[in-house]
Amino acid sequence: MNVWIAIGVTVLGCYAVKLAGLLVPAGALERPLVKRLAALLPVALLAALTAQQTFADGQTLVLDARAAGLAAAAVALVLRAPFLLVVAAAVLVTAGVRAMGAG
Amino acid sequence: MADRTALEDEDVDIGGKADRAVVRDALGVGVAVGLSGFAFGVTSAGSGLTLLQTCALSLLVFTGASQFALVGALAAGGGPFTAAAGALFLGVRNAFYGLRLSQLLALPRAVRPFAAQWVIDETAAVALAQPTRRAARLGFVVTGLTLYLLWNLTTLLGALGAEAIGDTDAWGLDAAGPAVFLALLAPMLKSGTERAVAGLAVLLGLGLLPVLPAGVPVLLAALAAPAVLWADGRRRGRGDAR
Chain D
1 MNVWIAIGVT VLGCYAVKLA GLLVPAGALE RPLVKRLAAL LPVALLAALT
51 AQQTFADGQT LVLDARAAGL AAAAVALVLR APFLLVVAAA VLVTAGVRAM
101 GAG
Chain W
1001 MADRTALEDE DVDIGGKADR AVVRDALGVG VAVGLSGFAF GVTSAGSGLT
1051 LLQTCALSLL VFTGASQFAL VGALAAGGGP FTAAAGALFL GVRNAFYGLR
1101 LSQLLALPRA VRPFAAQWVI DETAAVALAQ PTRRAARLGF VVTGLTLYLL
1151 WNLTTLLGAL GAEAIGDTDA WGLDAAGPAV FLALLAPMLK SGTERAVAGL
1201 AVLLGLGLLP VLPAGVPVLL AALAAPAVLW ADGRRRGRGD AR
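Here the protein sequences line up with chains D and W, keeping their order.
All letters in the first sequence, in the order written, are residues 1 to 103 by our numbering.
All letters in the second sequence, in the order written, are residues 1001 to 1242 by our numbering.
These are calculated hints, taken from the structure and not from any lab test.
Predicted model only: the values in this text are computed from it and were never measured.
Calculated pairs, SDA-like style, for lysine to any residue (alpha carbon to alpha carbon, straight line, at most 25 Å): (1) D:35 with W:1237; (2) W:1190 with W:1234; (3) W:1190 with D:80; (4) D:35 with W:1125; (5) D:35 with W:1190; (6) W:1190 with W:1232.
Please work from the sequences and hints to get the whole structure.
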């Protein structure tokens, strides 16, 4: 049930912000500080999420095969690999490290 | 607006060739990103969501980062509201895409509620890159349609696949979520300010993780954005009298 509540809130909220952008008169959100903050909030969230989903197991910090996978993704990004290849690199390296029995 | 439309009608002659280029770009983005719905389907099913819940997210939320964030937070034991709050924070940027797109596409009011669902990173990126309104509309529609269809189809396949292969961690699929986030994040790290925000957010997110309930550290990590902005403003105020 909790999951459906979370889904419902996310569905309504995410649709509302999308629609708001199309309906709000231009200028209302055009203040430089608001724009700056809106550009930086996703940076903070994505960085925190990347770190947590790589180094967290529940509420403990761990260093396991996912770190190697993320490093592979970072290398792929530096080499300007396409989106799918970046994800594939992370998955394959993580699986490979686990198969070798580490982490 | 009427005269602007009339002006753009003049390049209909060269439209055939230009249209093909727009469609090609839009399809490229739509297919590449649409296929990664597979990673979402697997991650979501691996996080314990049912097939119906997983597909509902892709059909109705349709903004990848928010979906990954939601299932990640739920898997970590976060409550429904903190999990949804993280997903919503990530969705807010779509409002800013919408602002830019509503001027660019000049959609009739009646169409906007339907177009809204497709206002995401990829459609905005393709539409905003086009030189004319006609090309922007075409890019938006083709990217939106391709991505929506593929994202939902591959979500379903991923969720079914996850059930079939059992332990998704053994296949390294738990690394797909963070890799997607990193791929979305990388192009945003343009200047020192962005990097400072990302660095501080990582410290907050990891530092607070052991001591606060699941989901809360990510929300607090969002404070890195105003904190760095504030520090930037102070430094600039002291450096030169602008």
